Every structure is written in C-alpha cells, then in structure tokens.
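S.K.: Just so you know, the sequences run in chain order B and R.
Following the numbering used here, the numbering of the first sequence begins with 1 at its first residue and continues without gaps.
Following the numbering used here, the numbering of the second sequence begins with 1 at its first residue and continues without gaps.
No lab work stands behind these hints, which were simulated from the structure alone.
Keep in mind it's a predicted model, so treat the numbers as computed, not measured.
Just so you know, not all the hints are guaranteed correct.
As a list, the in silico SDA-like pairs of lysine to any residue whose alpha-carbon atoms are at most 25 Å apart [claimed, not checked]:
1) R:K25 <-> R:R209
2) R:K74 <-> B:D292
3) R:K59 <-> B:E465
4) R:K74 <-> B:G455
5) R:K59 <-> B:R167
6) R:K152 <-> B:R167
7) R:K129 <-> B:S154
8) R:K129 <-> B:P427
9) B:K400 <-> B:K239
10) R:K129 <-> B:D16
11) B:K239 <-> R:R209
12) R:K129 <-> B:A24
13) B:K169 <-> R:S67
14) R:K59 <-> B:L462
15) B:K169 <-> R:L63
16) B:K169 <-> R:K25
17) B:K288 <-> B:F277
18) B:K239 <-> R:T54
19) R:K87 <-> B:E12
20) R:K109 <-> B:M1
21) B:K7 <-> R:E108
One-sided and incomplete, this derived list gives chain R residues near chain B with beta-carbon spacing under 7 Å [as the list claims (entries may be wrong)]:
22) G12
23) G27
24) F50
25) K73
26) K74
27) L101
Glycine residues also receive a C-beta, built at the ideal position from the N, C-alpha and C atoms.
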Amino acid sequence: MISQIAKKEMLEMRRDGRFQVASAIVLGLLLVSLGIGWQQYVSVNRQHEMARAETREQWLSQGKKNPHSAAHYGVYAFKPKSPLSLVDRGADQYTGVAVWLEAHKQNEFKYKPARDANTLARFGDLTASSVLQLLVPLLIILMSFSSFAGERESGTLRLLLSMGIAREKLALGKALGVAGGLGMLLVPAALIGSAALVLASDSGSFVANLPRLGWMTASYLLYFAAFVGISLTVSALAKSARLALVCLLGFWIFNGLAAPRLFSDVSRTVHRTPSSFAFSQRMDGELKKGFDGEALKKKVMAQYGVTSMEALPVNFLGISLKAGEDHGNEVYDKLYSELWDTFEAQNRLQQQGGVVAPLMAMRSVSMGLSGTDFAQFRDFSVAAEKYRRVLNDAMNDDLKNSPKTEGPYMADEKLWSKVPEFAYVMPEVNVVLGQQAWSLGLLVLWALGATGMAGWAATRRLRAE
Amino acid sequence: MLQAIGLSKSYGAQTALDGLNLEVKPGEIFCLLGANGAGKTTTINLFLNFIEPTSGLAKINGLDVASDALETKKYIAYIPEQVSLYKNLTGLENLDYFATLASGAAVEKPRLVGYLREVDLPSGAEDRKVSTYSKGMRQKIVIAIAMAKQAKALLLDEPTSGLDPKASNEFSQLIRKLAGNGTAILMATHDLFRAKEDGSRVGIMRQGRLRQVLNTDEFGHADLERIYLEHMHD
Numbered sequence: 001m002i003s004q005i006a007k008k009e010m011l012e013m014r015r016d017g018r019f020q021v022a023s024a025i026v027l028g029l030l031l032v033s034l035g036i037g038w039q040q041y042v043s044v045n046r047q048h049e050m051a052r053a054e055t056r057e058q059w060l061s062q063g064k065k066n067p068h069s070a071a072h073y074g075v076y077a078f079k080p081k082s083p084l085s086l087v088d089r090g091a092d093q094y095t096g097v098a099v100w101l102e103a104h105k106q107n108e109f110k111y112k113p114a115r116d117a118n119t120l121a122r123f124g125d126l127t128a129s130s131v132l133q134l135l136v137p138l139l140i141i142l143m144s145f146s147s148f149a150g151e152r153e154s155g156t157l158r159l160l161l162s163m164g165i166a167r168e169k170l171a172l173g174k175a176l177g178v179a180g181g182l183g184m185l186l187v188p189a190a191l192i193g194s195a196a197l198v199l200a201s202d203s204g205s206f207v208a209n210l211p212r213l214g215w216m217t218a219s220y221l222l223y224f225a226a227f228v229g230i231s232l233t234v235s236a237l238a239k240s241a242r243l244a245l246v247c248l249l250g251f252w253i254f255n256g257l258a259a260p261r262l263f264s265d266v267s268r269t270v271h272r273t274p275s276s277f278a279f280s281q282r283m284d285g286e287l288k289k290g291f292d293g294e295a296l297k298k299k300v301m302a303q304y305g306v307t308s309m310e311a312l313p314v315n316f317l318g319i320s321l322k323a324g325e326d327h328g329n330e331v332y333d334k335l336y337s338e339l340w341d342t343f344e345a346q347n348r349l350q351q352q353g354g355v356v357a358p359l360m361a362m363r364s365v366s367m368g369l370s371g372t373d374f375a376q377f378r379d380f381s382v383a384a385e386k387y388r389r390v391l392n393d394a395m396n397d398d399l400k401n402s403p404k405t406e407g408p409y410m411a412d413e414k415l416w417s418k419v420p421e422f423a424y425v426m427p428e429v430n431v432v433l434g435q436q437a438w439s440l441g442l443l444v445l446w447a448l449g450a451t452g453m454a455g456w457a458a459t460r461r462l463r464a465e
Numbered sequence: 001m002l003q004a005i006g007l008s009k010s011y012g013a014q015t016a017l018d019g020l021n022l023e024v025k026p027g028e029i030f031c032l033l034g035a036n037g038a039g040k041t042t043t044i045n046l047f048l049n050f051i052e053p054t055s056g057l058a059k060i061n062g063l064d065v066a067s068d069a070l071e072t073k074k075y076i077a078y079i080p081e082q083v084s085l086y087k088n089l090t091g092l093e094n095l096d097y098f099a100t101l102a103s104g105a106a107v108e109k110p111r112l113v114g115y116l117r118e119v120d121l122p123s124g125a126e127d128r129k130v131s132t133y134s135k136g137m138r139q140k141i142v143i144a145i146a147m148a149k150q151a152k153a154l155l156l157d158e159p160t161s162g163l164d165p166k167a168s169n170e171f172s173q174l175i176r177k178l179a180g181n182g183t184a185i186l187m188a189t190h191d192l193f194r195a196k197e198d199g200s201r202v203g204i205m206r207q208g209r210l211r212q213v214l215n216t217d218e219f220g221h222a223d224l225e226r227i228y229l230e231h232m233h234d
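Just chain B, same shape as in the assembly (with noise of 0.2 Å):
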C-alpha cells in the first residue's frame, strides 16, 4: 500500500510540467558541475603529474654543487588531488595545492586558485558539491511542500483519509514518492558521476576511494532525508500549501545563505587570525632573533675534545647550518601551529552552526571525504614540510662531513639520488570519519529528526482541512 501511495505520488511529479523543468535544470546543473569537475581534477592532476616528475628530474640532474646550494635549489611539493575532489574541491581553491620546500623556509602555499578568480567568485563555484547541497535540498522542497497542504486545499486529503489508511503509511508513501522523485534524477547522476570517477582515477584510487565515496553517498543521503522530513513536516503542519512554501524557503535561505555567512563572520570574530602582513612581520622577526653562534661554536669544540676551530674534525658550516634550520624551524612550528590551530578553531565553531543548519554539518563531511578541507591541507602541509627537513638535514650532513679542501666541496647526483621522492598518502577513512564525527553525527540526528517529526506530523497534528 505504500508503496502504491510513493507511485501515485511519483506519477504525480512525473506529469508536473514545474517538477520536469526544475528537475531537469538541476539534473542539467549536477551533470555540467561533474564535467567541470573532471576536466579540472584530469588536467590539474596531468600538471602535478608532469610537474613532479619535472622537480624530481631537475634535483636528481642539477649538477656538480655545493649540497646548501642545492638546499638552496629546493624541490616542490604537491598536494595530491582525490578523484572525489571533482564533486567538492573544498578549501584547494584558498589553501593552495603547491609549496617550494627549500633551505631554511617554510614557504607559503601557492598556486591558489581564488586568487586569480575574478569577483563573480564570490556567487559560489558551481560544484556539483554546491549543486547536492544547495539546489537538491531547493527541489525537495518544492516537490513535497503540497505533499499534505495541498491536497487539504483541494480536498482529496478528506477522500483520502476517508479510505480508512494508517496515517503512518500515508506519510512513509509519500516521503518515499519525494525519494522515488529524487532518484529519478540522482541515480543516473551518480552512474554518470561514478563513470567520471573511474575514467579520472586509475584503478587503484578508484578502489582506494571507495569507502570515501560510500560515506559521501550516505550523508549526501542523510542530509536529503533531513529535508524530506522537514518538508513534510511544514507542510503536514501549515494551513496552507503557500504558507509551507513560504517557510520551507525561508529555512533553505537561512540555512544555505545566512547560516555560511552568520558562522563564518562569528567564528573570525571569536577566533582572530593575523592579517598575512602581520604574520610575516612577525615571523621575520622571531627569525631575526637567530641563535648564538659563540655558544655553538664552544659547545661543538667541547663535542670533539679540541680547542681550536681549525682543530674540527668536521666542517663546521655544515653544523652552523643545521642550527640555523632548527632554529628556524622551531620558529615555524611555534607560529605555523599557533596560525593553523586558529583556522581549525574556526573550522570547529562553524561545525557547531550544523545543529541549526544542517548544510553547515554536511559542507563539513563532503569537504572531508573529498579530502579537500582545512584538517586534510594541514596534514599534507605538515608532511611538506617534514620532507623539506629531512632534505635539508641530508644537505647539512653531507657538508658536516665533507672533507676539508681548498675548494668549495661540491656534492653530485650520488647525493641527490639518496634523498627519498617525495610522497605523500591521503589519510585513511577512519581519520576524516574521525574528524568529522561531529558532523556525521549532527547528520544522523538531523535525519532521524526530521523523519521523525514527519512521522509525528503526519499522525498526530494532519488535520483534513
């Protein structure tokens, strides 16, 4: 019997020149937003490849050299793209997806798309990310506000209830008539996203990104049930189907519009980032202060038992600069971590926005599982920059240890080749689930929530006019 009442409602939409329309521009949308999506994720993935494979071939083949020059010289890193990055590409476009790991900075991120965007930017990306969270929510509603209000206004409700139907069923048919609708026209956009996903990624990543996928579906899923619950609960509820209308699109303004802009001006409020002026100007600073090279060099000639510089029997420049990189690192770690831990207290307020906006808890879990936000940029900074230590420490010894000639010394490739390629793995599954267990969690009520209300809705308050 329900699923007699989900057909009729199906049918229903099916004949509703509005529902074929806005269907089919949002279908158009998701499928448009994919194909950017993929173009973008194939040709930036095609640049890193080429580009690491160049920085790599340049290291390995920059000549006879002093190993600080070749410090000096520097590899650059970058931050892998996640096939699934082609439905959301997150804070990439802010945070940058490249870095110069060279001798004794820690360089900014470059290469960040937004700064080249012109203002139209600030509309929003289409996405196929910004399609599932804003757009599908927006058709949900309009294909279940009339679900019960309507037929109150013209009358069939009365039939209808006069058939002797348990209410319960009645709402559990035409919640699944508004997800019959849905799938109409998500199923084959996401056969058409999965075959882009194929196509973008070998096999490997394919399989590699499959739980992430799974757990992007459902929580695309939770938060779509959230607002068939919710619409159906306004629309069991209000008095008219224009009045469910009315406060349907009231809760998707705030929660797509104000709730974003709301959180993120109050979580920068709370949580002050410096300006990037301010940061540098700081961090010159700290670097400035450097460490004492007297005290280093006493403490060096009391290592090896000798009381003369000369008498060394290692190269003193090498251990001179191996200090100057701990001192400068540990600069960077202070502030580099005071800064990122700021961003993330950010990140966490406006996680809390999830309990009244929903799209605040799913923008969190599609950006995670992408592997597009904030936490995940961290993470590949952090193994930047390791690497950039590692590389630099590899240079500082061999010059420690070169022998002592006339000449400058001067390393080759035998050197280079010993420094590891640099590689980085996106974290497992269970970290972003981890990461995002708040939200999902937030997701989950929101669902359950809003299904249940329905539910209650539709038995307890559904009144036949």
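Given chain B's structure and the hints, the job is docking chain R onto it.
M.R.: The following block gives chain R in isolation, referenced to the frame of chain B:
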C-alpha cells in the same frame, strides 16, 4: 449501520451539533435537511472522525469511530461536496489508487472498468485526465470507489449541488441502486425535491438540533416544503 447517540460538538460557546440521536439502517437513505450551519456537515465529519465529538458517540457497524478510527472507515465511503480528485491522473488511475488504498490490495483493471460502466461514466472518459471532468463525472468516479470498496454505508455531503437536472437524476438512480443492494446512506442536502424522491426518511435540522424526522412516504412534495419552512421560521 450508522448510529449517533447523544452526539454533540461545540466550538467554545458555539454549539455546532446538539445531542443528535439517529440511526440509519442498511438499505435506508436518510436525508438531513437544514440551512447552512444547521450541523449537517458536522454530523458527517463526526462519522468520518475528522473532528472529535464534545460528547456522545458516533458508531459505524456498532463500532465507535473515535476509538476504532481505521476499522470503522473500512465500512464507509464518503462523497464530499467538492468532489476533488487528482487532476493530473485519469479517472481510471484515480479509481485504481483509491480502490487500492481502501481495500489494501490492488484491484484488477477489468473490475475497475466494470465499476465505471456500472456508474455510467461515458465510455473512453476513464483514460482522460480528471481535470477535464465535470462534477457529475467526478462524482461517478467516487461512487465507483465506494463500489470497489464494497462500502456498507455512504456519507454524502450536498451531492447534488452544482449538478444539472440530468446529472442529478443519474446520481439519484445510482444511490438508489446502492441502497437497493443494502447500503445505508446518510445524505446532507438542500435539495427538498431529491430528499423526498430518494429518501426513506428525512430529518430537519436547525442550529445543531434534529427537530423532526419524517417518513417520506407519509407526505407529498408540497408538505415537505411547508414543514421545512415552518421549522426555519420559528
């Protein structure tokens, strides 16, 4: 089949229905007459359990509608004044949907078409969208639903308002046929002529009270109008 015992409904200080006692037996057509606001629709809504009585009981087939809401609805069919169906569905699709919900299982198509022939829906109309139907045609669909449901009692709210005389005549033939098959029919109406023609008994209501019940074979058309007006004047 239909039974009201001391049935009352008030909204605050306003009394919509005041101590109604009524019984409609199988095969009987009981017509409730009265001005707007006399309590006719309230009575029907109470039998449908769309509203809760302030006091008293409404019973269908011996069961209290308030405590056995779903069970009692199995025995009844309801035809509202504004017969509304799903506009974008065809007559047959509407019948199929409601008949399935009412009986809890799918009803095979030939049987549904059979019901539509029985209510005399013009041939071919069942595959047209209901948005093209007249009220009389929509009503026929709802009667077909009642037949498919094999309802033991029928609740009709102003069924003939807005029907042309021919459609009105067809309609009375249909409900007489249903009554002939043993269906108990409670009909709220303004149509004194139809009430006299079709009804077994008529009840005259005013301000929530059932003032008088008459057997239709005991008086003529003119008498009914006179008695009715007398009740309205005092």
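S.K.: If a hint holds in the structure, say so; if it doesn't, say that too.
M.R.: Hints, one by one, checked against the model:
no.: 1; hint: R:K25 <-> R:R209; in the structure: holds (21 Å)
no.: 2; hint: R:K74 <-> B:D292; in the structure: violated (94 Å)
no.: 3; hint: R:K59 <-> B:E465; in the structure: holds (22 Å)
no.: 4; hint: R:K74 <-> B:G455; in the structure: holds (23 Å)
no.: 5; hint: R:K59 <-> B:R167; in the structure: holds (21 Å)
no.: 6; hint: R:K152 <-> B:R167; in the structure: holds (23 Å)
no.: 7; hint: R:K129 <-> B:S154; in the structure: holds (16 Å)
no.: 8; hint: R:K129 <-> B:P427; in the structure: violated (57 Å)
no.: 9; hint: B:K400 <-> B:K239; in the structure: violated (82 Å)
no.: 10; hint: R:K129 <-> B:D16; in the structure: holds (13 Å)
no.: 11; hint: B:K239 <-> R:R209; in the structure: violated (30 Å)
no.: 12; hint: R:K129 <-> B:A24; in the structure: holds (24 Å)
no.: 13; hint: B:K169 <-> R:S67; in the structure: holds (19 Å)
no.: 14; hint: R:K59 <-> B:L462; in the structure: holds (22 Å)
no.: 15; hint: B:K169 <-> R:L63; in the structure: holds (23 Å)
no.: 16; hint: B:K169 <-> R:K25; in the structure: violated (32 Å)
no.: 17; hint: B:K288 <-> B:F277; in the structure: holds (16 Å)
no.: 18; hint: B:K239 <-> R:T54; in the structure: holds (23 Å)
no.: 19; hint: R:K87 <-> B:E12; in the structure: holds (9 Å)
no.: 20; hint: R:K109 <-> B:M1; in the structure: holds (17 Å)
no.: 21; hint: B:K7 <-> R:E108; in the structure: holds (17 Å)
no.: 22; hint: G12; in the structure: violated (17 Å)
no.: 23; hint: G27; in the structure: violated (21 Å)
no.: 24; hint: F50; in the structure: holds (4 Å)
no.: 25; hint: K73; in the structure: holds (3 Å)
no.: 26; hint: K74; in the structure: holds (5 Å)
no.: 27; hint: L101; in the structure: holds (5 Å)
Taken one by one, the earlier hints fail for this structure at numbers 2, 8, 9, 11, 16, 22, 23, listed in ascending order.
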